[in-house]
Amino acid sequence: MSLKVDLTHRFPDFELHAAFEVPPGLTAICGPSGAGKTTLINALAGTITPHAGHIEINHRVLFSASEHINVPTERRRVGYIFQDARLFPHLTVRQNLKAGRWFRKLPTEPHQLDPIIGLLGLEHLLDRRPAKLSGGEKQRVAIGRALLSEPEFILADEPLSSLDLARKLEILPYFERLRDEMKIPILYVSHQSEEIERLATTRLTLNGGQLTEQR
Amino acid sequence: MSDWLSPEEIEAVLLSLRVAMWSTLASLPFGIWIAWLLARKDFFGKQIVNGLVHLPLILPPVVTGYLLLILFGTQGPIGSFLQQFGIVFAFSWTGAVLAAAVMAFPLMVRAIRLSIESADHRLEDAAKTLGASNSQRFFMITLPLAMPGVVTGSILAFAKSLGEFGATITFVSNIPGETRTVPSAIYSFMQVPGGEESAMRLVILAIALSMLALILSEWLAKRVSHVVEGR
Numbered sequence: 031m032s033l034k035v036d037l038t039h040r041f042p043d044f045e046l047h048a049a050f051e052v053p054p055g056l057t058a059i060c061g062p063s064g065a066g067k068t069t070l071i072n073a074l075a076g077t078i079t080p081h082a083g084h085i086e087i088n089h090r091v092l093f094s095a096s097e098h099i100n101v102p103t104e105r106r107r108v109g110y111i112f113q114d115a116r117l118f119p120h121l122t123v124r125q126n127l128k129a130g131r132w133f134r135k136l137p138t139e140p141h142q143l144d145p146i147i148g149l150l151g152l153e154h155l156l157d158r159r160p161a162k163l164s165g166g167e168k169q170r171v172a173i174g175r176a177l178l179s180e181p182e183f184i185l186a187d188e189p190l191s192s193l194d195l196a197r198k199l200e201i202l203p204y205f206e207r208l209r210d211e212m213k214i215p216i217l218y219v220s221h222q223s224e225e226i227e228r229l230a231t232t233r234l235t236l237n238g239g240q241l242t243e244q245r
Numbered sequence: 037m038s039d040w041l042s043p044e045e046i047e048a049v050l051l052s053l054r055v056a057m058w059s060t061l062a063s064l065p066f067g068i069w070i071a072w073l074l075a076r077k078d079f080f081g082k083q084i085v086n087g088l089v090h091l092p093l094i095l096p097p098v099v100t101g102y103l104l105l106i107l108f109g110t111q112g113p114i115g116s117f118l119q120q121f122g123i124v125f126a127f128s129w130t131g132a133v134l135a136a137a138v139m140a141f142p143l144m145v146r147a148i149r150l151s152i153e154s155a156d157h158r159l160e161d162a163a164k165t166l167g168a169s170n171s172q173r174f175f176m177i178t179l180p181l182a183m184p185g186v187v188t189g190s191i192l193a194f195a196k197s198l199g200e201f202g203a204t205i206t207f208v209s210n211i212p213g214e215t216r217t218v219p220s221a222i223y224s225f226m227q228v229p230g231g232e233e234s235a236m237r238l239v240i241l242a243i244a245l246s247m248l249a250l251i252l253s254e255w256l257a258k259r260v261s262h263v264v265e266g267r
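Quick mapping for you: the protein sequence lines, in order, are chains A and B.
Per this note's numbering, residue 31 is the first one in the first sequence, and the count goes up by one each step.
Per this note's numbering, residue 37 is the first one in the second sequence, and the count goes up by one each step.
Be aware that a few hints might be false.
Unchecked claim - Below are the BS3-like pairs computed for lysine-lysine, each with C-alpha atoms no more than 30 Å apart in a straight line: (1) A:K213 <-> A:K34; (2) A:K135 <-> B:K258; (3) B:K258 <-> B:K77; (4) B:K82 <-> A:K128; (5) B:K258 <-> A:K128; (6) A:K198 <-> A:K128; (7) A:K128 <-> A:K213; (8) A:K128 <-> A:K162; (9) A:K198 <-> A:K213; (10) A:K162 <-> B:K258; (11) A:K162 <-> A:K34; (12) A:K128 <-> A:K34.
Said to hold, decoys possible - Where chain A lies over chain B, by a calculated footprint (3+ residues, C-beta under 8 Å): (13) 44-53; (14) 69-81; (15) 86-95.
Calculated directly from the structure, the hints in this document are not laboratory data.
Heads up, the beta-carbon is just placed ideally off N, CA and C, and yes, glycines get one too.
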């Protein structure tokens, strides 16, 4: 289980170049604003097309400039956890959690849902609508929704940055469990050093579009 | 109602309701599709499509009716083609439906388009990462979020269809029981001596129906957006 990345993307005044391999566990992507973190995440999700390079997950090619392969986002099996949760307001928490399974035509039996619902402590929220959830609860549902779509890797773009300290402390343990219990690579963008210290098993540092550190 | 309205007047009211219902139902799928195209897609000729949709709002209705007659009349290119399949618009109530639908279309598209534009497109991106195809995104995310606009647009189109006069009378004339809707009936009653009372009754009815539609659409749009947002 690993994610192999080697890509180049050029902007008029900026070039992102990153080559790395991510094992299962939580890989923090750090670096100052404008270092190319979001561009990298978006290229992996398939919302932007890099100018050159190669991306593969578990030997399945998602993008290859030389072979003209570019798997669209909806078929990449990526779990994307957004900064702002982005739950579907017209659906209940339960329906939000099932959404990815409906889209991918996966079964939605209780025994498939319950472990994740338990992992994230969502049992008592299932019949509520997103408008009635706190910021931390929303983000937990968003994590559950991404996990239940059975992704092969997870992208989290500063998932805690819109939460206050108390909510951050509420969510952090869930990311730890995610890291330890799900055997898939998690790429986690953040510039909070405490978060990174606590969560990261691997660390990538981007600076001016270049990978400056990997450990 | 029969004590208050004469059989002729009742006939006009029922015909108007039937025309408005079919005009709204038949144009709704196209209205949603065009509104979605205009709200979410960039394509060559978008401004032309936008202009064509809005043209009936600006053109004198008699011009729209005349163009419909040229295109959909029995001698017209589209009319003569459809006639082979037994579909006739000329001087028939179905023609009144077509005229009403064309005239109400800008109102419908406008309301739905605004609603789609105000639905957060980032939710569609989120659905994409969860594996949603284009049609799944449209039917499970975009359309439910745009429901307030679909409801408002439909009610406004229905009300506009009830009252359409200029294009209808030009295209399908003013045939009692076939194309004589409420506005045409009012017009006819005003042309005959002693028809003032009938005209006045239908005028009052038309005002009441229009007010009701406006109030209902406001109220329903609020209700529906409450339901959609889950507040």
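Note to self: Between the segment 44-53 of chain B and chain A, are there enough contacts, at least three residues with CB-CB distance under 8 Å, for the coverage claim to hold?
What the structure shows: violated (count 0)
Next item on the list: For the pair supplied as a hint, A:K162 and B:K258, confirm whether the alpha-carbon distance does not exceed 30 Å.
Entry: Satisfied, since the Cα-Cα distance of roughly 18 Å is no more than 30 Å.
Checklist line | Per-stretch coverage check for the segment 86-95 of chain B, three Cβ contacts closer than 8 Å to chain A | finding: Since three or more residues must qualify, the claim that chain A covers the segment 86-95 of chain B is violated, with 0 doing so at under 8 Å.
Check: Keeping to a limit of 30 Å between CA atoms, is the pair of B:K258 and B:K77 held or broken?
Finding: Distance of about 27 Å is within 30 Å: holds.
Checklist line | A:K128 paired with A:K34 [C-alpha distance capped at 30 Å] | finding: 29 Å, holds
Next item on the list: Verify the proposed pairing of A:K162 with A:K34, using a straight-line Cα cut of 30 Å.
Entry: With a Cα-Cα distance of about 40 Å, the restraint between A:K162 and A:K34 is violated, given a limit of 30 Å.
Item checked: Given hint B:K258 paired with A:K135 - CA-CA distance at most 30 Å -> At roughly 34 Å apart (the allowed maximum being 30 Å), B:K258 and A:K135 break the hint.
Check: Would the pair A:K213 and A:K34 pass a check requiring their Cα atoms to be no farther apart than 30 Å?
Finding: Between A:K213 and A:K34 the Cα gap is close to 16 Å, so the pair holds against 30 Å.
Notebook entry, point to check: Hey, A:K198 versus A:K128, does the alpha-carbon distance stay inside 30 Å?
Noted result: Holds, at about 25 Å.
Note to self: What's the verdict on A:K128 and A:K213, does the C-alpha distance respect the 30 Å limit or exceed it?
What the structure shows: 21 Å, holds
Notebook entry, point to check: Does B:K258 pair with A:K128 here, judged by a C-alpha cut-off of 30 Å?
Noted result: 28 Å, holds
Note to self: Hinted pair, alpha-carbon criterion (30 Å max): A:K198, A:K213. Please report holds or violated.
What the structure shows: 23 Å, holds
Going through the hint list in order, the structure does not satisfy hints 2, 4, 11, 13, 14 and 15.
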